[in-house]
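In my numbering, each residue's number is its place in the sequence shown (first place is 1) plus 829.
What the hints contain is simulated information worked out from the structure, not anything from laboratory work.
Check each hint, because a few of them may be wrong.
Simulated crosslink set (DMTMM-like; lysine to aspartate or glutamate; CA at most 25 Å straight-line) [to be verified]:
#1 LYS1049 <-> ASP1140
#2 LYS1013 <-> GLU982
#3 LYS1116 <-> GLU1149
#4 LYS1197 <-> GLU1239
#5 LYS924 <-> GLU895
#6 LYS1203 <-> GLU1186
#7 LYS1424 <-> ASP1405
#8 LYS948 <-> GLU1030
#9 LYS1116 <-> GLU1186
#10 LYS1071 <-> GLU1033
#11 LYS1015 <-> GLU981
#12 LYS992 <-> GLU1050
#13 LYS1126 <-> GLU1087
#14 LYS1345 <-> GLU1303
#15 LYS985 <-> GLU1030
#16 LYS985 <-> ASP997
#17 LYS924 <-> GLU938
#18 LYS1084 <-> GLU1099
What you are looking at is a predicted structure, and each value in this text was computed from that prediction instead of being measured.
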Amino acid sequence: MYQLRSLHACVSNYRPLTFSLDLPNSLKYLSWKAYHLKYLPSKFSAQNLVGLDLSYSQVVGQFWNEDQSPWNLKWINLSGCKHITEVPNLSRSLKIECIILHNCASLVEIPSYFQHLGKLTNLCLGHCTNLKNLPEMPCNLEILYLSLTAIEELPKSVWSHEKISHLDIAFCKHLKSLPSNTCKLKVSSSFSLVGCESLCEFWELPRDTTVLEFSSTRIKELRNESIESVVGLTAIKLTNCKSLVSLPMNIWKLKYLESLNLSEISEAMEHLEFLNLSGTMVKEVPKSIGNLVALRKLHMVECSIQEIPDDLFCLTSLQELNLSLTEIKSIRASVKQAAQLSRLCLNGCESLESLPELPPLLQCLEAKDCVSLKTVSSSSTALAQGWEKYIFSRGLHEKHIFSDCRKLDENARSNIFGDAQLRIMRMATASSEFKEGKIEQPSYDSDSYGSYDDFVEELLRQRSFVGNICCGNEIPNWFSHKNFLGFAVSLVVAYKRGYALSFVRWFRVGCKYNFKTSNGKSREVNHPWCNLLTNTGYRDSPEVFLWCYNNVFEEVVEGAHSPTAFYKFVTEVNVDFTVQSYDGYEEEEELEVKKCGICLLYGKGAEMIKQRALYAQDF
830 MYQLRSLHAC VSNYRPLTFS LDLPNSLKYL SWKAYHLKYL PSKFSAQNLV
880 GLDLSYSQVV GQFWNEDQSP WNLKWINLSG CKHITEVPNL SRSLKIECII
930 LHNCASLVEI PSYFQHLGKL TNLCLGHCTN LKNLPEMPCN LEILYLSLTA
980 IEELPKSVWS HEKISHLDIA FCKHLKSLPS NTCKLKVSSS FSLVGCESLC
1030 EFWELPRDTT VLEFSSTRIK ELRNESIESV VGLTAIKLTN CKSLVSLPMN
1080 IWKLKYLESL NLSEISEAME HLEFLNLSGT MVKEVPKSIG NLVALRKLHM
1130 VECSIQEIPD DLFCLTSLQE LNLSLTEIKS IRASVKQAAQ LSRLCLNGCE
1180 SLESLPELPP LLQCLEAKDC VSLKTVSSSS TALAQGWEKY IFSRGLHEKH
1230 IFSDCRKLDE NARSNIFGDA QLRIMRMATA SSEFKEGKIE QPSYDSDSYG
1280 SYDDFVEELL RQRSFVGNIC CGNEIPNWFS HKNFLGFAVS LVVAYKRGYA
1330 LSFVRWFRVG CKYNFKTSNG KSREVNHPWC NLLTNTGYRD SPEVFLWCYN
1380 NVFEEVVEGA HSPTAFYKFV TEVNVDFTVQ SYDGYEEEEE LEVKKCGICL
1430 LYGKGAEMIK QRALYAQDF
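Sequences are here, hints too, so could you generate the full structure?
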């Protein structure tokens, strides 16, 4: 006689059955979706069942008795069975491989014997919205769905499980933290914590993950240790993370990172000060970066970006921007609105073709090896307008470097050296007035100095320095020979022969002044070495160095009550320059000074230069 081995009942718009149902005990597969009874037929033995699908049925928790236990069951699907409050007894089903309890809204717990189901590889508990507790998991589990459950914590055995390749815990609104033990999950694609509204912290993450989704969580920080271990990350999504205050300092170690999604942050982040995306594959800066209202430093070295949005330069807190070795082609004109920007690094930006007018308080501009750079706009108007706004709390040093920018046109060179003259005069004037107490005392960082007096003393001890380097072979024409402020110095330096380098190269320049008076006295002043960073690679063109010192006289006579009195009688000064290059290992004599120039800086001259720049803006 033929034996029924499989039964599929696809019933739609059915009416409740009123007859008794006899099923053969030899049945191996039973699929009866929307089964309307609460229990299996009392005479049916499920011992031969291999597969059972009663999804969206009316069955309750224990719908078979002990004698009906399905010993050979390998998979069971009870999705959408809303009346199930407990899992039917599967303690004897030791061959079970897949259990699907998706959307069993009344289910409140999973029995502890689950950890002994050694062949279970797939467990789906997603959308079990009243499930609060989860026992330890069996050793062969590979797939675990827990999304939209009410669990408050994840078992440590799950977190340290070496075979789980897919873990879904998205939208677990009551999950507060992840286990602190070592994470050994083998999740190899996306790991999502989206919608875990109570999640505040975690210690480790799956190491093989490529996409991390933290959106709509309450995390406050991404820990350095947790991020550094996930070396293959391509994307981090932080949409609507309103509690986030910091990103890891070592995010630059994520060499494959292409996307850091902050696009949906709808409220201002008042604590995030430093964002470091260096060395990643990030291609775009979102407009929502304007919500990082406390951002002081943004580093994007070796990223694939080509432009920066205006929203970044609207940040009143931004002080430092490093875009070195990126594909950026131009800087937006809105950069001049970045009122606090003091450092802009563009080294090795080979696609950069132009620079606009820059903000007046920009103290450091590094544009070495920008081989496509042709035009540089003058910032003289901004410099003149911001003459009295010099920020001493950032130190008395400035440098603007255009080394190995060989495509600069004559107008660009003129603008660069014209701006350098203004900066030198501004620095000399401000430093002199500061020491004489004629300008307002600067603010200071209490974390860096013990007291305000210590801070001011340190500023007074510093040597004011303005440095400028640009390709060229001529001394600027304003170097020609009352209220003396100091010296501006310029050199044209060339290599004695071209050569290739494989590491960063430094120049260091020394100056020795010999002052002579009308009555035959003389004084010698040796300035300490001034280190100037230059380029790597083959060099065959000279460069113009431009810098100034403003407190030469204060170091002439040690212990003298009035060292400036000596200079009332000075009629002659000789300056000797010493130039060396070195690579960090040994000094090399491979440089020669082609031309040199020295310019005396006077207060009256500074005022004339400032007024000339202000006058030029009207025409």
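Structure-based check of all given hints:
1. LYS1049 <-> ASP1140: holds, 24 Å
2. LYS1013 <-> GLU982: Roughly 17 Å between the alpha carbons, so the hint for LYS1013 and GLU982 holds.
3. LYS1116 <-> GLU1149: holds, 18 Å
4. LYS1197 <-> GLU1239: holds, 18 Å
5. LYS924 <-> GLU895: Holds, because 17 Å separates the two Cα atoms, which is no more than 25 Å.
6. LYS1203 <-> GLU1186: Holds: LYS1203 and GLU1186 sit about 14 Å apart, inside 25 Å.
7. LYS1424 <-> ASP1405: Roughly 12 Å separates the two Cα atoms, so the pair holds.
8. LYS948 <-> GLU1030: At roughly 33 Å apart (the allowed maximum being 25 Å), GLU1030 and LYS948 break the hint.
9. LYS1116 <-> GLU1186: holds, 22 Å
10. LYS1071 <-> GLU1033: It holds: about 21 Å lies between the C-alpha atoms, which stays within 25 Å.
11. LYS1015 <-> GLU981: holds, 23 Å
12. LYS992 <-> GLU1050: violated, 28 Å
13. LYS1126 <-> GLU1087: holds, 20 Å
14. LYS1345 <-> GLU1303: Given that 25 Å is the threshold and the Cα spacing comes to 29 Å, the pair is violated.
15. LYS985 <-> GLU1030: holds, 15 Å
16. LYS985 <-> ASP997: Cα-Cα ~16 Å, so holds.
17. LYS924 <-> GLU938: Within the cut-off at roughly 22 Å; holds.
18. LYS1084 <-> GLU1099: The hint is violated at about 28 Å.
The structure fails hints 8, 12, 14 and 18 (numbered hints given earlier, in ascending order).
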